[in-house]
Amino acid sequence: MLQDDEIREIEEEKAAAEHPRAACIDALRAVQRRRGWVSDEVLAEVAELLGMSVAELDDVASFYNLVYRRPVGRHVILVCDSVSCWIMGGERLGRSLVLSTGARPGETSADGRFTVLPVACLGACDRAPAIMIDEDLHADLAPEALARILERYE
Amino acid sequence: MERPLTRNIRPGAEPLDLDGTRRAGGYQALEKAVRTMTPSEVTAVVKAANLRGRGGAGFPAGVKWELVPMGPDARRPKALVANADEMEPGTFKDRLLLEGDPHQLLEGVILAAYAIQAEVAWIFLRWEYQLARRRLQQAIAEAREAGYVGDVLGSGFRLDLRLHVSAGRYMCGEETALLNALEGKRAVPRAKPPFPQVSGLWGRPTVVNNVETLCCVPHIVDKGAEWFRKLGRGPDAGTKLYGASGKVRRPGLWELPMGTTLREVLEEHAGGMREGLRFRGALPGGASTDFLVEEHLDVPLDFESVQKAGSRLGTGTMIVLDDRTCPVGVLENLERFFARESCGWCTPCREGLPWVHEVLRALEEGRGQAGDVDLLAHHARMLGPGITFCALAPGAAAPLGSALGHFREDFEEHVKQRGCPWRRD
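Order-wise, the sequence lines are chains A and B. With the numbering used here, letter number 80 in the first sequence gets 80, and the count goes up by one each step, no holes. If you count the second sequence from 1, you need to add 1000 to reach the numbering used here.
A portion of the hints provided could be inaccurate.
[Said to hold, decoys possible] Short derived list, chain A residues pointing at chain B, Cβ under 8 Å:
1. I25
2. W37
3. A55
4. D59
5. F63
6. Y68
7. I133
Treat the hints as calculated values from the structure; they're not laboratory data. Since the model is a prediction, treat every value here as computed from it, not as a measurement. Beta carbons are placed, not taken as given, at the ideal position from N, Cα and C, and that holds for glycine.
All chains should be modelled from the sequences, with the hints used to inform the complete structure.
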């Protein structure tokens, strides 16, 4: 069930939007920020608030890669797998990440700590290879430096 | 040499706040425009300056603005959208402008909105640019407080400014897909015509401009068209943020005269190749441009010259290929990206790109067969301009077709050796 503060935030976004459905990305994000992901149950409630059918909202939710329709770990690691990072050793970094977290791209670690997802170019190509953990960019990242950075995310 | 776009940007330092921006001459152009210029005069100076779009297509900004219906009969509210969805692989120039000088972008946005008499301006920002988001939010709050947004400087020109943080997908960078995203729909492209200038956001006149393009506008209004044109070396005007990534000595970004050669960017600014490596080629303006090679080193990086050399200036941030990186591996990476980011709207792109990627993967993994290279060449033609609904697939075909032209022996070698000669692990 949607909580009161979630409903309030969604109603605010809706009121500010030109059309209710234009608020749907922000509404999904309001939910995801609190719960980590968007479940079927919650998606249906958000759809009703915005006057959209469940299918219409899921149509949108399933299109955007940063809307999570499955549970994620406590921290989401976005790994740039685009060309400049690849040239600069991104695959080696990716292998270290699998070893450190136990999660391959698309998976969550067994302890629920990390979800690892591939992402398009992070726009840090002059400091490749790069990843993001939650809202933090980590660039110029040597595989050897990974363990110490991961320690910061409990 | 003048560097208008980056003059207030100090790497690693906080951007100027509103007071600092004003002390450095910021918002003077906006004052000048709303007090002494008509909207069509602003458009005229930008057109005369020959400001071409820095997002990749190079369309003249002033011409784009001129196509917007003006006067009391135009459908309203009209919209101006800053495309800050920088996601072209190998491109990191707008990040610098967004993080380094957010007020410069805001002034450009407000000026462009004034020129087309838009009631609402949007900044469409990719989620991953979190530092840019925080700095933009701060700058927008300051600008609103100071009266640059709302009733702009008490001039009677009213503008609402909004920030939309996107939820991902490369497709959003395509201007009509971006408009669908802003309307809360899947980011699939729309048919053109009608062009967004006539029927864009919710069917109303809308202009979408790239961040770097908009950042040029205050300087053009401030110093004039002639000054801007003279900043460029060749036919194209202004300065350009050029960049280099890959195995060069000093990857980075530099604001240089439009028309600086590939060799100068590579050798003087990026410091040449890393020790022991040789230059083999470069995608001059992001993943969706054709390879240029050694014979093109002296090509001036302006829109026309790069096109004459068989590629596109694109975003002006080059991805450099060295002689110890496998070009087939690079293509496998690029086509995986394009296949994943295809929105699925039209069949040749949705079905063709995964096929191309699968063939490249087979080559890399030693499952390549005789005829694969011809098959790839066939796809590079059949995914080219004019066949698919938008420019995504032609963008994917550009590095593929050119790599097959310049590095065909590498592809053949993968079939012969049953795998990638460069992979040892």
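Going through the hints against the structure:
no.: 1; hint: I25; in the structure: holds (5 Å)
no.: 2; hint: W37; in the structure: violated (13 Å)
no.: 3; hint: A55; in the structure: violated (12 Å)
no.: 4; hint: D59; in the structure: holds (6 Å)
no.: 5; hint: F63; in the structure: holds (4 Å)
no.: 6; hint: Y68; in the structure: violated (10 Å)
no.: 7; hint: I133; in the structure: violated (11 Å)
Of the numbered hints given earlier, the model fails hints 2, 3, 6 and 7; all others are met.
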